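Trainee: Listed here are the chains, written in short residue letters.
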Amino acid sequence: MSNLVDSFQIDNVEMRQAYCDALIEEANRNPKLVVLDADVSHSVGTGRFYEAFPDRAINCGIMEAHAIGLSAGMSETGLIPFFHAFGVFATRRVFDQIFISCAYQDLNVKIVGADPGVTAQTNGGTHMPFEDLGLMRLIPKATIVEPADSTMYASVVHAMAENYGVFYLRTSRRKTVKLYKPGTEFKVGKAMRLFDGKDVCIIACGIMVYEAIRARDILKAQGIDAGVIDMHTIKPLDEEAVLEAAARCGAIVTAENHNMVGGLGSAVCELIAGKYPVPVERIGVDESFGEVGSQQYLQQRFGLTGEEIARKAMIAIQRKGAKR
Amino acid sequence: MPSKKKPFDARATMRAAAEIRKGAIRAMEAAGSGHIGGSMSLAEMLAVLYTDILNIDPKNPKMRDRDYVVLSKGHCGPALYSTLAYKGYFDPSELLTLNKGGTNLPSHCDRLKTVGIDISTGSLGQGLSLATGVAVGKKMQGIPGKVYAIVGDGELQEGQNWEAFLFIAHRKITNLVTIVDNNRRQLDGYTADICDEADLGKKLEAFGFEVRRVDGHDVTAVYNALLTAGDGEKPTVVICDTEKGHGCCFAEIDGFNHYMPVSHEDADRAVEEIERRLQKAYEQLG
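Protein sequences, first through last, are from chains W and V.
Under this note's numbering, the first sequence has 36 at position 36, and the numbering climbs by one with no breaks.
Under this note's numbering, the second sequence has 139 at position 139, and the numbering climbs by one with no breaks.
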C-alpha cells in the first residue's frame, strides 16, 4: 500500500521515455544487451538507445518475421536482443517465428510490443492488440509482463536482461497515470497487492490497475470493501496472490485491456476453477475488433472503466450467496 | 583442430558423401520411412562442408569460434545426422533410433536434442534469419567463424527468406554463406509448376549478392565454390543444382520422393548401388 503515490495524476514522462531510460541504464551494466526494431524506433521510443549505443542497435526495416529470427540467432551467440514493434506485429504477425525460432529452441529473446489494446487509439483496429496476451500465454515457458506505470520499467527491464528465455513486455508508450512512488521495486511473477479488501478482489494489469483503484473508491461509497491486485506478470501467474484473494474475499473481478478470452481473466479462471472455486467476473473486450478513437472513448466503448469494474464487482458479490 | 588448409581430396569427400547417403538411408530404413528426396540431394554439400570447409571440433561441439551450419530445410535431418555420426559427434548406431519415441534424432533438426545441431529448424523459411542472427552476433562480438545456411529452392517460396536476403545484402553480412539446394522439386511436384523461382541467380544478384552456381553433386565444384565464399565484399549465395533423391536408386525413379517408405530390400539395394557408383566414379577419376 505504501508504494502508491498519494494522489494519482498523469505522469510527467511518457512511458516510452521511461522505458528507454531503463533500457539504456541496463545496457550500461550489461554489454550483451542489444536492441532491434522493425522501423518503429521513433514510435516506441528506442531512438535514444541508437544514439547511446550505435553498435548495439539494429533497425531491421519493416520485416518483423526476419527480425524475430535474427534476434533468436543473435541470442545463440550470447547476446540479449530486445526486439520492438507494435504489439500486433510483435506477436500476432510472427507467432510461428516466436514459437519455433525463439521458444521451441530455448533461445533468449525479449519481445516488446507497444500500444496494448485501446492505447493504440487512432491507429485503430489493425494496430490494436486485444489478443497478444492470449497468444503469448500459449507459448510454453514464456514470461509476460504488462506494467501499470513508468516506475516499473527499471525492475522489469533488469529482470528481462537477467532471466534467460522468451519474454513479452506489453507496454504503452504514452503518458499514463502514475501509480507508484519512484524507486518502488517489482519482482516478475510477484503481484503487487495494493489493497486487501474483504468483499471482492479486483485483479488487474496495465491501464486497468488505475481503473481498479477507481472502482475500489466507487465501491467504498456503497459500503463495499474491495481489494486490488496489480497482476503485472500475466505469466507465470502469482497463484498464491490469487488464491489468497479468493479465500479472503470469496469473489474476484479481473480487468484487462485485452480480449476477455486468453489473457489475465482466463489465467485467473483456470487457476480458480481448479484450486479454489469462487465467483469470477471478467472485464475485457468481448468478441470485438479494435477501432479508432481516443483512449477515453475506447475505454467507454469496450467497458474498460472503473464504473464497469464496480458493476461487475457487485454481480460477483451477489453470486457468492447464490453459490453457497 | 580441423582446418580447411589441408589439400582437397575429391576421393575422400566422395567417400564421405556416400557414407552420408548410406547412413541416412539406414536411418530411414529403421524408421520405416523418411524425407529421402531432399536428404539425398544434400549429400555432397554436407560432405564438402564437414570434410573440407568447416572449422569444427566434434569433441568440442560448442566451441565458441566454430563455423555454424543451419539446415533450414530441417526435414532433411537424416542427412545431417548421418553426417554428424560420420564425423564422430555421436555413435553411428544412434542413427537407427530416427523418429522413435524418446530419440535424440527427430525428423526435423532439434538443437536441444542432437549434439552438433546448432539451430532447430523445420518450420520452413525461418532458418536463414536465424543463421543471419548468428552471423551478426559473431560480427558484433568479434567472434571468428562463418555461418552456412542451407535452404531448399522450394523453401524459398516462404517470404521470410526474401526479408532475410534484403537484410543480408543491405548490411553486407559476408560471414554468412547461403547455400541453395536447388533440387527443383517440392513436396507436391516441380517448383517450376507450382511456383517458379525463375532465374534465382539473377534475382539474388539484383539484391546485391555474389552468386556462384555449381553442380551440387560434383564435390570439387562445390568445394571450389565454398572455399572462398564470404571472403569478398558482397555476401555469397552458392546455388547447387541438384537432383531430388540423387544417389538413392529407388528414390531417383520415383516422381514423389519427398517422403517415402523405405523397406529393408530397398535400403540394401540402394546401399549396394551407392558403393558400386562410388567405385565407378573413382575409376573415372583415374
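Treat the hints with caution; some may be incorrect.
What the hints assert, rightly or not - The calculated DSBU-like cross-link candidates involving lysine-lysine, where the alpha carbons are at most 35 Å apart (straight line), are: (1) V:K113 to W:K235; (2) V:K59 to W:K187; (3) W:K32 to V:K100; (4) W:K141 to V:K100; (5) W:K198 to W:K32; (6) V:K59 to W:K32; (7) W:K141 to V:K203; (8) V:K6 to W:K141; (9) W:K141 to W:K181; (10) V:K100 to V:K234; (11) V:K280 to W:K32; (12) V:K139 to V:K100; (13) V:K100 to W:K190.
Stated by the list, open to error - Partial list, derived from the structure: chain W residues whose beta carbon lies under 7 Å from chain V: (14) A72; (15) S101; (16) A103; (17) L135; (18) L138; (19) I139; (20) E185; (21) V188; (22) E307.
Honestly, the hints are just simulated from the structure, not real lab data.
In this text, all values refer to a predicted model and were calculated from it rather than measured experimentally.
Every residue, glycine too, gets a C-beta built ideally from N, C-alpha and C.
Trainee: The structure should be examined with respect to each hint, and the outcome stated for every one.
Mentor: Do the hints match the structure? See the list:
1. The straight-line distance between the Cα atoms of V:K113 and W:K235 is roughly 26 Å, inside the 35 Å bound, and the hint therefore holds.
2. Restraint check: the Cα-Cα separation between V:K59 and W:K187 comes to about 41 Å, which exceeds 35 Å; the hinted pair is violated.
3. Taking the CA atoms of W:K32 and V:K100, the gap is about 39 Å. The hint is violated against a cut of 35 Å.
4. About 26 Å separates the Cα atoms of W:K141 and V:K100, which keeps this hinted pair within 35 Å; it holds.
5. With a C-alpha separation of about 46 Å, the suggested pairing of W:K198 with W:K32 is violated against the 35 Å cut-off.
6. Between V:K59 and W:K32, the direct Cα distance comes to roughly 27 Å. Compliance with the 35 Å bound is thereby established for this hinted pair.
7. Only pairs whose Cα atoms come within 35 Å are accepted, and W:K141 paired with V:K203 is rejected, the gap being roughly 40 Å.
8. At most 35 Å may separate the alpha-carbon atoms for a hinted pair to count; V:K6 and W:K141 exceed this at roughly 45 Å.
9. With a C-alpha separation of about 31 Å, the suggested pair W:K141 and W:K181 falls inside the 35 Å cut-off, and the hint holds.
10. For the hint pairing V:K100 with V:K234, the CA-to-CA distance comes to about 43 Å; that exceeds 35 Å, so the pair is violated.
11. For the proposed pair V:K280 and W:K32, the alpha carbon gap of about 54 Å is over 35 Å, so the pair is violated.
12. Of the supplied pair hints, the one linking V:K139 and V:K100 is violated, its CA atoms being roughly 39 Å apart against a limit of 35 Å.
13. A threshold of 35 Å between alpha carbons decides the hint, and for V:K100 with W:K190 the separation of about 41 Å lies outside it, so the pair is violated.
14. The interface hint given for W:A72 holds, since its Cβ lies 6 Å from the closest Cβ of chain V, which is under the 7 Å cut-off.
15. A hinted interface residue such as W:S101 counts as satisfied when its beta carbon comes closer than 7 Å to some beta carbon of chain V; here the least separation is about 5 Å, so the hint holds.
16. Interface restraint check: W:A103 against chain V, minimum CB-CB distance 10 Å, threshold 7 Å, status violated.
17. The restraint placing W:L135 at the interface with chain V is violated, with a minimum CB-CB distance near 16 Å, outside the 7 Å limit.
18. Because the smallest distance between the Cβ of W:L138 and any Cβ of chain V comes to about 16 Å, over 7 Å, the interface hint for this residue is violated.
19. Restraint check, W:I139 versus chain V: the minimum CB separation of about 14 Å is more than 7 Å; hint violated.
20. Of the supplied interface hints, the one on W:E185 is violated, with its beta-carbon coming no nearer than about 31 Å to a beta-carbon of chain V, more than 7 Å.
21. With its C-beta approaching chain V no nearer than about 24 Å, W:V188 sits outside the 7 Å limit, and its interface hint is violated.
22. At about 45 Å, the closest approach between the beta carbon of W:E307 and any beta carbon in chain V exceeds 7 Å, and the interface hint on this residue is violated.
Going down the numbered hints, you'll see the structure goes against 2, 3, 5, 7, 8, 10, 11, 12, 13, 16, 17, 18, 19, 20, 21, 22, while the others check out.
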